[in-house]
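Start from the sequences and build out the full structure, keeping to the hints where you can.
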Amino acid sequence: MKRTVAMFALAAALGMAASPASAQTLNSVKTRGMLNCGANGTLAGFGLPDAQGKWTGLDVDVCRAVAAAVLNDANKVKFVPLSAKDRFTALQSGEVDVLVRNTTWTSSRDSSLGLNFTGVDYYDGQGFMVRKSLKVNSALELGDASVCVQQGTTTELNLADYFHGHNMKLKTVTFATANEAVKAYDTGRCDAYTTDASGLYAERMRLANPDDHIVLPEIISKEPLGPAVRHGDDQWFDIVKWTLFAMINAEELNITSKNIDEMVKSTNPDVKRFVGTEGNYGEQLGLTKDWAVRIIKQVGNYGESFDRNVGAGSPLKIDRGLNKLWNKGGIQYAPPIR
Amino acid sequence: MSIDLPTGSRPPHVAFYNDPKVRSIAYQVALCAVIVFLIYGAATNAIDNLDRAHITSGFGFWYETAGFDIGQTLIAYSSQASTYGRAFWVGLLNTLLVAGLGVVLATILGFTVGVARLSKNWLVAKVAAGYVETIRNLPLLLQLLFWYNAVLKALPPVRDSVHFWGGTVLNNRGLFLPKPIFNSGFGAVEIAIVFGIVVSTVFYFWARKRQEKTGEQAPVLWTTLALVIGLPLAVLALEGFPLAFQFPEAGRFNIAGGVEVLPEFAALLFGLSIYTAAFIAEVVRAGILAVSQGQTEAAYSLGLKAGPTLRLIVVPQAMRVIVPPLTSQYLNLIKNSSLAVAIGYPDLVQVFTGTVLNQTGQAVEVVAITMLVYLTISLTTSLLMNIYNSRIALVER
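From first to last, the protein sequence lines are chains A and B. Numbering follows the numbering used here, with no gaps: position 266 of the first sequence is 300. Numbering follows the numbering used here, with no gaps: position 63 of the second sequence is 318.
Worth flagging that the hints you see were computed from the coordinates, not collected in a lab. Heads up, none of these hints are tricks.
With a straight-line cut-off of 27 angstroms between C-alpha atoms, the simulated DSS-like cross-links for lysine-lysine are:
#: 1; chain 1: A; residue 1: Lys64; chain 2: A; residue 2: Lys275
#: 2; chain 1: A; residue 1: Lys362; chain 2: A; residue 2: Lys306
#: 3; chain 1: A; residue 1: Lys323; chain 2: A; residue 2: Lys306
#: 4; chain 1: A; residue 1: Lys110; chain 2: A; residue 2: Lys292
#: 5; chain 1: A; residue 1: Lys166; chain 2: A; residue 2: Lys256
#: 6; chain 1: A; residue 1: Lys203; chain 2: B; residue 2: Lys408
#: 7; chain 1: A; residue 1: Lys351; chain 2: A; residue 2: Lys292
#: 8; chain 1: B; residue 1: Lys408; chain 2: A; residue 2: Lys169
#: 9; chain 1: A; residue 1: Lys299; chain 2: A; residue 2: Lys331
#: 10; chain 1: A; residue 1: Lys217; chain 2: A; residue 2: Lys256
#: 11; chain 1: A; residue 1: Lys64; chain 2: A; residue 2: Lys88
#: 12; chain 1: A; residue 1: Lys166; chain 2: B; residue 2: Lys408
#: 13; chain 1: A; residue 1: Lys203; chain 2: B; residue 2: Lys434
#: 14; chain 1: A; residue 1: Lys217; chain 2: B; residue 2: Lys408
#: 15; chain 1: A; residue 1: Lys362; chain 2: A; residue 2: Lys256
Owing to the predicted nature of the structure, the values given are computational and were not obtained by experimental measurement.
See the structure below:
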């Protein structure tokens with residue numbers, strides 16, 4: 035799979051006809067009748083297919099929302115499971131239209147990889163998981179430890195920075211996929227496993243004895259995770275960006291998948307602009323007036339998605355923390371639709 | 256009554272475009288032009304596309320700080336100070352280490368099994384046949400995963416490490432050997448080793464020449480052992496043993512100190528050697544069977560025993576058949592070492608086309624460099640084997 039993606043990327047880069055960088059994404063998605071979405075595939079809460087092959091997750095919901103806005107069907111998404119290592123190549127080469135794979139927004143990725151990050155769907159930070167039996171209470175006690183890590187991630191870089199910054203020695207064992215890294219940690223190859231804190235909670239559930247492991251309190255980095263699209267197609271960039279903003283705005287306006295039908299009749303000007311009974315904001319994006327209604331009806335607002343996938347309504351039970359809305363003590367904030 | 260024949264044997268005039276020589280050159284020129292055009296088109300198109308998508312291109316990344324850590328480094332490397340270029344060399348050396356050792360191990364094991372399969376001992380022959388047929392018919396990736404998981408699962412955790420005599424420690428973090436530390440005065444021992452090797456080589460050639468001339472045999476083995484091992488040991492004792500060992504000790508999490516052999520490395524080395532040895536065994540068996548039975552009978556009738564017959568008569572002739580296919584097995588082993596990526600051994604592909612490619616995003620450059628490196632390693636191996644092959648080839652007189 036990895037090889038295939040790399041080879042495809044090379045072939046595409048060596049560049050026969052498939053030149054994906056023009057402003058054609060919206061049209062090609064519509065013609066295809068299907069959105070190609072690069073997702074994780076192995077991370078509970080963010081992107082994971084169930085036994086019936088139905089994908090769920092916070093990241094997955096962003097793709098479903100884009101499909102609802104563009105194709106009026108949240109199920110018209112083809113999810114492509116990508117490893118951390120191959121994800122950017124898959125987006126660059128046009129294999130996927132959107133990449134939503136718990137990907138950290140950094141300056142170098144934004145500028146030199148030919149991508150644009152459209153926003154942040156989860157504010158995360160990197161942490162460590164260790165065995166309780168090691169009696170370690172802080173990441174600062176991990177000097178000289180072996181740490182399992184997934185390749186091709188900001189995690190890999192932060193890990194080296196953190197240990198170096200605290201004058202601690204480090205033995206990294208690097209694996210191509212999170213699955214392999216977690217398995218090696220579980221068999222005792224490493225003392226600690228490191229990834230984004232949300233991932234640690236999700237991966238802990240897959241260990242042989244989840245209760246034997248603890249997540250250390252230190253968060254060693256900023257990891258704003260968000261969707262990304264290719265450079266050079268501003269219209270598509272806007273659509274993906276405003277899809278996520280619509281979900282966040284809906285939560286702020288108390289518009290949910292349950293009350294959306296009443297909200298369409300609302301007289302509140304903010305809500306009227308949102309549902310498209312006032313103005314033509316959807317058309318300005320290249321969609322229809324009721325684009326946001328479709329998103330909320332078929333997928334729900336940001337709060338609903340968070341709760342269902344990673345929050346209180348899910349097995350992960352992650353506290354919303356930074357991901358609360360700005361007016362509720364968090365930093366999730368979307369520009370207004372008007 | 257004579258018929259006038261055209262004088263001379265000049266062929267009838269042919270238009271230049273019908274001249275086969277001209278035609279063949281023209282076709283080749285046209286083909287070359289098409290290929291060059293395609294490559295040029297692909298290259299400019301790629302550069303154009305990368306440019307338009309604002310993807311950085313070029314080889315400037317080589318000098319940028321890497322920022323990530325590597326599990327096994329044969330040369331000095333640190334995430335904060337080393338460049339992507341340095342990371343490339345670290346990966347390349349790791350690949351060469353596992354490939355080099357793999358070739359040696361696979362050759363020894365392969366020759367042993369190949370000869371064993373022809374043994375008259377029923378049990379030995381059947382065990383060798385079973386080995387070859389099992390190993391040869393299972394996918395290598397599966398075998399690597401088996402070795403890695405078998406090695407990991409079977410070994411004890413750090414706290415229950417197995418301690419061997421001599422200070423060697425084994426656990427699921429690896430095998431830790433005592434690390435020799437050379438103090439001043441060890442130089443004399445090094446000189447003694449070099450001296451021993453040179454003198455014993457000279458002695459070997461002298462003894463061979465003398466045997467060819469007079470038939471007298473010299474004790475080559477014992478002289479060599481005395482010169483290469485005995486002499487340095489004697490010098491070591493004379494100098495008062497200027498040699499210390501750093502023994503691995505249990506730290507807070509890991510074993511600290513000593514020479515570390517990673518389980519990933521061990522699994523990859525075992526997997527590659529055992530897999531390739533099965534193929535080499537078949538190559539060796541084919542080579543030996545290709546030597547006519549009459550050669551063996553002739554040797555026996557001259558009074559040679561089974562051992563010298565194999566060593567002096569059969570194997571030298573079999574080598575002519577063995578070497579060319581053996582070369583391809585070596586190349587396979589070297590290329591298969593890139594499967595390291597599946598079990599987390601930091602070889603060239605894992606470090607360079609894995610992490611470096613991902614951090615820089617420069618797929619075209621990184622993949623091209625990696626391809627060139629494998630091509631170079633393979634062609635060099637091939638060249639060396641061809642030189643060896645031409646040396647042992649049948650010289651017709």
